[in-house]
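Chain by chain, the residues:
There are 2 protein chains.
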Amino acid sequence: MRIDWIGCAAEGNRLDLDMKDASCATVWPVSQVPAWDMESDVVVVGLGVAGGAAAIDAARAGAEVLVLERASGGGGATALAGGLFYFGGGTPIQKACGFEDDKEEMFKYLMMASGKNADEAKVRLYCEENLEHFDWVVGLGVEFKESYHKEKTTLPENDDCLCYSGNELAYPFLSHAKPAPRGHKPKIEGDAGGLLMQKVISAAEEAGAKIVYEAIAETLVTDEQGRVVGLLAFVDRQPKFVRARKGVVLAAGGFVMNKEMVRKHAPELLACNYPIGTDGDDGRGICMGEAAGGAIMNMSQGLLSTPFYPPADHLKGILVNGQGQRFINEDVYHGRSSDAILRQQNGKAYLIVDDSLYGQTQAFHKIVAVEETFEDLEKALEMPEGSLSYTIEFFNKHAAEGEDPLFHKHKSYLRPLSSPPYAALNCSTDKAIFAVFTLGGLDTLPTGEVVRADGSVVPGLFAAGRTTAGLPREGSCYSSGMSIAGASFFGRYAGRTAAQGADAQVR
Amino acid sequence: MRIDWIGCAAEGNRLDLDMKDASCATVWPVSQVPAWDMESDVVVVGLGVAGGAAAIDAARAGAEVLVLERASGGGGATALAGGLFYFGGGTPIQKACGFEDDKEEMFKYLMMASGKNADEAKVRLYCEENLEHFDWVVGLGVEFKESYHKEKTTLPENDDCLCYSGNELAYPFLSHAKPAPRGHKPKIEGDAGGLLMQKVISAAEEAGAKIVYEAIAETLVTDEQGRVVGLLAFVDRQPKFVRARKGVVLAAGGFVMNKEMVRKHAPELLACNYPIGTDGDDGRGICMGEAAGGAIMNMSQGLLSTPFYPPADHLKGILVNGQGQRFINEDVYHGRSSDAILRQQNGKAYLIVDDSLYGQTQAFHKIVAVEETFEDLEKALEMPEGSLSYTIEFFNKHAAEGEDPLFHKHKSYLRPLSSPPYAALNCSTDKAIFAVFTLGGLDTLPTGEVVRADGSVVPGLFAAGRTTAGLPREGSCYSSGMSIAGASFFGRYAGRTAAQGADAQVR
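Chain order of the listed sequences is Z and C. Heads up, the first sequence is in the working numbering, so the first residue is 1 and it goes up one at a time. Heads up, the second sequence is in the working numbering, so the first residue is 1 and it goes up one at a time.
Just chain Z, with the same shape it has in the complex (with noise of 0.2 Å):
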């Protein structure tokens, strides 16, 4: 079966060419160019955070830089989310407010955040170099306000700037890195990727990068030594060679939109209800490098989550699976509860709160029990008698005394469930809200150079962003900040290497 890709071969039609046969899965031969239509030294793909990160110092390294964006307006995905950076070490903002953090600290927990799959050598990188980088955000016209916004949520509501972000505070991180604040919302109440896309792309236009809209990449070229020397695109529906002299980076989005492509690599995530991206993210940009050679990686992670706080007080509750059984410390961040109820309770979760603690959640989890004793919760959501009352009972007699000896939530929020009624409210896969985007891509080297699975560069090829796997590669230890900060960062990687780099020798 062919994957439904939005189909844009087809639309196009040139008297010299059979575009039939254009597909990103294959690579288009240079010796079958009859002519370049557009040209520049870097040509980048996609006007997202990443490839306008790309775009800007390539630009500013002195090269020509052409984007080519398929919507009618930039911003990608990050201009639908909240737009925090994760930055640490010692940020203005940090010290502003009072918190000290070290880079050695902060590279200790971002190994952790990564994951099992964790690229040691960006993340060093990235701690070594974020402060520059944050100096480099500010410099587009980013304000961030030196305030720090205390109540757990995943984003601060208001323009606070910084916050905890990811799993710092929770056990076990918080015993292997001393914990900081580390997640940077520009200043803006609420999301703040839309703002901070205006600037990307502001910066990237003055820095003299071309823009073009409505410009869907579809194939890379290459010569015979398998050099990727420009690429295939439909622009306005036309098809137009476009020749990369210097090389093409691809920063067009992750998969989650594609729904084969998640079933053929990380068919789990199907479960999850509510993809988080553009249209764009149809993994087309991972299937041009894939076709020139380039390995992909981590295909089966994602960050998913149904969150269930704020209100900060559903921390104090607790998280059973079917069984009425707990499985996790409530209070680490959000993707990492939601990976355990996915990926290690089947799908099926509820939050236990009482009177004291309810409130509804942005992602309006229903309520599917109301009781007023622990034994009549138990009987309405039809577990056996003495399963989850038993849970809440040893759970209560633990939290009175500061502890909880199976998961070690924080003391901060353990105190019993003691004020009656009691509720219920169903955080299951097929009930609840569940968003989810992809964390696996193209194998890139620090500087954003694609490399074969023998780890091998692909001449001419570059990636950044959720086309790439990045910095974090495991939803279930991510932090909020982790995506924006790594797609801009290694991003510009790509843009400078790119432009960098030697002319290819074609014509």
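Any given hint might turn out to be false.
Said to hold, decoys possible - No more than 27 Å apart at the CA atoms, straight line, and that leaves these computed lysine-lysine pairs for BS3-like: (1) Z:Lys348 to C:Lys108; (2) Z:Lys116 to Z:Lys95; (3) Z:Lys397 to C:Lys108; (4) Z:Lys411 to C:Lys379.
What the hints assert, rightly or not - What follows is a list of derived Cβ distance ranges for each label pair: (5) Z:Glu224 to C:Gly190: 51 to 59 Å; (6) Z:Asp102 to C:Ala400: 53 to 61 Å; (7) Z:Gln505 to C:Ala121: 53 to 61 Å; (8) C:Gln500 to Z:Ala35: 39 to 47 Å; (9) C:Val370 to Z:Lys411: 33 to 41 Å.
As the list claims (entries may be wrong) - Stretch by stretch, here's where chain C covers chain Z in the computed footprint (C-beta under 8 Å, at least three residues): (10) 23 to 36; (11) 110 to 117; (12) 265 to 273.
Just so you know, the hints here were simulated from the structure itself, not pulled from any lab data. These figures come from a predicted structure and were not determined experimentally. Ideal Cβ positions, reconstructed from N, Cα and C, are used throughout, including at glycine.
Using the hints, position chain C against chain Z.
Below, chain C alone, put in the same frame as chain Z:
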């Protein structure tokens, strides 16, 4: 970092070529082939059961067949295996042993057993034609005894044939497909894989296939249109260009022996300490196919196992996690319970048995505590008071009534733990033998043709066995016999499809 494949390129030398550029992660353009050193209609890479079956059927279809095997003898991982086939729908053995089975019930079961990523077309084709495949295996000289092995085990230790080799009798599978025993072991005591491969290799030779040992395939040779027309191999360490007029069949095993590949695609599996396969399972075949444009899929999946039975009585014990909670019906196939230990319980689990149930396991699980009471066992395992002891009391109470309201273990394995002393066997990934092999690889059609990410065929390229994503695709629902059955069945298809193809037009 370059992946450390067992290097062969570096060892080869030819005055007319720079061999250092040869890599399984790239292709070799036919224009750079000075001359063909060997040629055949169909070239099969690897002589496990998939390659052997491909060679037999390609040769029987009239093609000239050349098999390249990197080891000094054939057999592959199959020769190390139990040698079960998953056959059903009314085999002669099932009938002789008095079992009714039905093609549709087998199909329903195999769709579940293949996992979330099940390939319906492959499962359907296998169910439709597996009786013919049974005859084909018998035709190789493989005998199946008309005997049923009743006791639940991982593999009949005697020469019995028929057994339940998966989750057919366990919740939730039991309620979705009418169970029948479908594991068929060739007639020999203990492991039958070696015997099976002797028959396969003899049959391949009889059919006229030429086998060359100590021949490592390195790089596929492609023409300008991307068709695979041969390969570069190192035969007795000397580089040889091998023309494949009709096609190359990659049947070179999986990638479990390549730690770097496992890390990139299935990092969870790194926790398993006992990879099952030969040195050849280093992913080379997968990478060769990928370099020629083939898509890879399902790469995160594997079958893993810490077989805590036999003795079958152990299934009457209970598995608990690090918190003393049960998490599964223990009577499932060992691959399913082991998968749950690793992926759902963070790798930590104990089997709790009483004195009447205990026996040594084939994996020599260590006893970490023996106590007279549940409370003392709980203390010995450093679990909080009222955790494990309540779990056992809850289990016992319901087991006495023939019920398992939490996990639906079958009545036949349900009875209270009541004969002290009670023992805990450590089934954790870091303390027990945890076996693993991979279930991801090249994406293929049922015909054996390798496809690109867009579903289009890579001309001249075929694959089967663990080099592909085949019949079984998920360890949590796997049944023994699916790998060898699928590898041989779809290996035959690959061989026949290749044999029927038109010759490539290359010099």
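Here's how the hints hold up against the structure:
no., hint, verdict
1, Z:Lys348 to C:Lys108, "24 Å, holds"
2, Z:Lys116 to Z:Lys95, "31 Å, violated"
3, Z:Lys397 to C:Lys108, "47 Å, violated"
4, Z:Lys411 to C:Lys379, "24 Å, holds"
5, Z:Glu224 to C:Gly190: 51 to 59 Å, "54 Å, holds"
6, Z:Asp102 to C:Ala400: 53 to 61 Å, "57 Å, holds"
7, Z:Gln505 to C:Ala121: 53 to 61 Å, "46 Å, violated"
8, C:Gln500 to Z:Ala35: 39 to 47 Å, "41 Å, holds"
9, C:Val370 to Z:Lys411: 33 to 41 Å, "36 Å, holds"
10, 23 to 36, "holds (count 6)"
11, 110 to 117, "holds (count 3)"
12, 265 to 273, "holds (count 5)"
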